[in-house]
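Listed in order, the protein sequences are those of chains A and B. With the numbering used here, you'll find the first sequence wraps up at 80, consecutive numbering, no jumps. With the numbering used here, you'll find the second sequence wraps up at 732, consecutive numbering, no jumps.
Hint data in this document are derived by calculation from the structure and do not stem from the laboratory. Every value quoted in this text rests on a predicted model; they were computed, and no experiment measured them. Any given hint might turn out to be false.
What the hints assert, rightly or not - Sample of chain B residues at the chain A side, in silico, Cβ under 10 Å:
no.	residue
1	223
2	228
3	235
4	240
5	308
6	661
Glycine included, every Cβ here is placed at the ideal spot set by N, Cα and C.
Listed below are the residues making up each chain.
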Amino acid sequence: MTATKKKKAQSITEFSAGMVVLCLILYGMVEIFRWGMMDLAERRFDHDRSFSNRTLSTESQLNPNFHDVRPMDTLWYRR
Amino acid sequence: MIELAVFGAVLFYIIGAMTINYIAGSFQQNAQLQSMRRAMLASYLASKEGSGKRSSGSFLIFEDRLTGEFGKFGAVDRQPIVASGSGMMTAQLMQVTDWGDPDSIPETEVIVNGESFVFRTSGYAAYVMALKSGNVAQIIQIDASTPSSARQEHFAGAYCQYDFTVCDPENDECGAAGPCVSQYYVTTQDTIEEVIRPDVLTCLPENGRAGGYVISCNPPISSETTEQLQRLAREWTNSSINRYVAPKDGVPGHRLPPFFTAMAANDPKFTPVPNESIAFNFTRKPTGLVFPFGSGALRPAWRWSWDKFWEPLSTDTDAQKKLNIKQKIIDQEAPFFSYDVDADLVEESLYDVKDVTGSICNSGLCVAAYMVKVQESNAADIDPTKGAKDFADPNQRPGIRPEFRIYGKTSGPDEGGALTYLDVKEGKLFSDGKQVAVSELRKNQYDVVERVYQLNVNMADVGGFLANNPHVANGCGGTNFQGSCLDPNTKTLYIRSRLSDQRGRKWITDLDNRTWNDSLGGE
């Protein structure tokens, strides 16, 4: 095999491997976008569903921390 | 390959940007959902207690969250997240309110970085109102809590002299029937709102009307105040259409007169105001208000409330409380109606009118007077009816002010020593033992976020506000700066949130003894 053909083969191999990685990143990007948006949408559906869930008490239906995000790291000197 | 690497880097950048947006969106959505749920829950819990304070729950949430970013020091910027929500889940919507009952004062709540503040949006007030008829009319409004010795000063207090034309309210003819110019001396307290008298302002040069301008004031008022008077006067004139009652059920249409003038016109103790012949017809309930004047038609009660009679069915306290709530009878023809009693261009809920003639005297001269009990927004912690244009100083507008400061810590974590917080300004030099350049790119472990919330400058019950908010210090001097504090003079609330952030890591690439070749593994 000539040096030119070797170089061409290497280039094709590297490009293909790189392209596979790139496609995975592209796919990951689409998935992350989907996960993020679906998570927000489903959280809202979940909140709405809780209002009509008769197995829950009224206080539970209206629980403000039904889905909680990380609480604020807040300090007070007075309470 | 270079193209692929660049393209891959761009994709990673996009993934990072999407993640940052998602995190910010998640915080925002959580605050939105939480505010609405908090409002409904507060309304529900208050309803269970038989309280009308939160019949219409309202929450405002502020959170200063760290944001994701591409800087090498980790997240240092804070993104303000604001969400408001309101909701009702109550059986107390038509609850009777008794004058002076603290459980009937509506409240709203503001949560700043987890710290809660409760504001009353209405308050009770009692005024003594007196009018002396004759060539010189004096209309005085005195807080019922004012000592009688101080009340006398109002007779000799500041006044403005107006020149105006009395309108014919029935035919809505101002000046057309010929000028009947009078000079009215209106005693006032020292606020602009009380200088404005609607009976004076209904006849303005606007719309072809004659008269209605300030001639002089004692003590003199500034030109700026005069302009504000004229502006308020125009607003009053423009809104006068809302104070006209259309003909209905055989009752001719008429303009609503100022409350006190209306009372005076129907009371033999007073000389009726010229050209005002207006009939009144308050629907009077046996247990409701008793007005000192006769029948006629003013306006139907448009405020829902209940007649207040019920029998306690049990001696057990809790059971009785619940039963009492159920026993309250709905009565659409309620005794409480709204009227602009003190002529501040905002209607008050009128609870009681009592003849106190003889109690307002000066040098042996006593005038006819009434004590009026109202619920009004001007006595609240925050007055929702007021905007920036209502104040000469726009900073007095109730609500959150635009000022927003972040103080960062300049040295290491708190190890028992004094903490030093400095206003973070990009590139500014500070001296803290050694000279330190504060940069927004520096990672601070603590942030103090300060917001300024303006309360009602006419707020009457500072003690009540502090009792509702025990974590708020009274006064901002001394060590009170460390937390939220109220300046009782200006009625300004300084909200200071100390935010800890110990998760971030500062990544620093040491460039002193290395070269780019070293970094890349070169020889």
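If you test the structure against every hint from before, which numbers come out violated?
Hints 5 and 6 not satisfied by this model.
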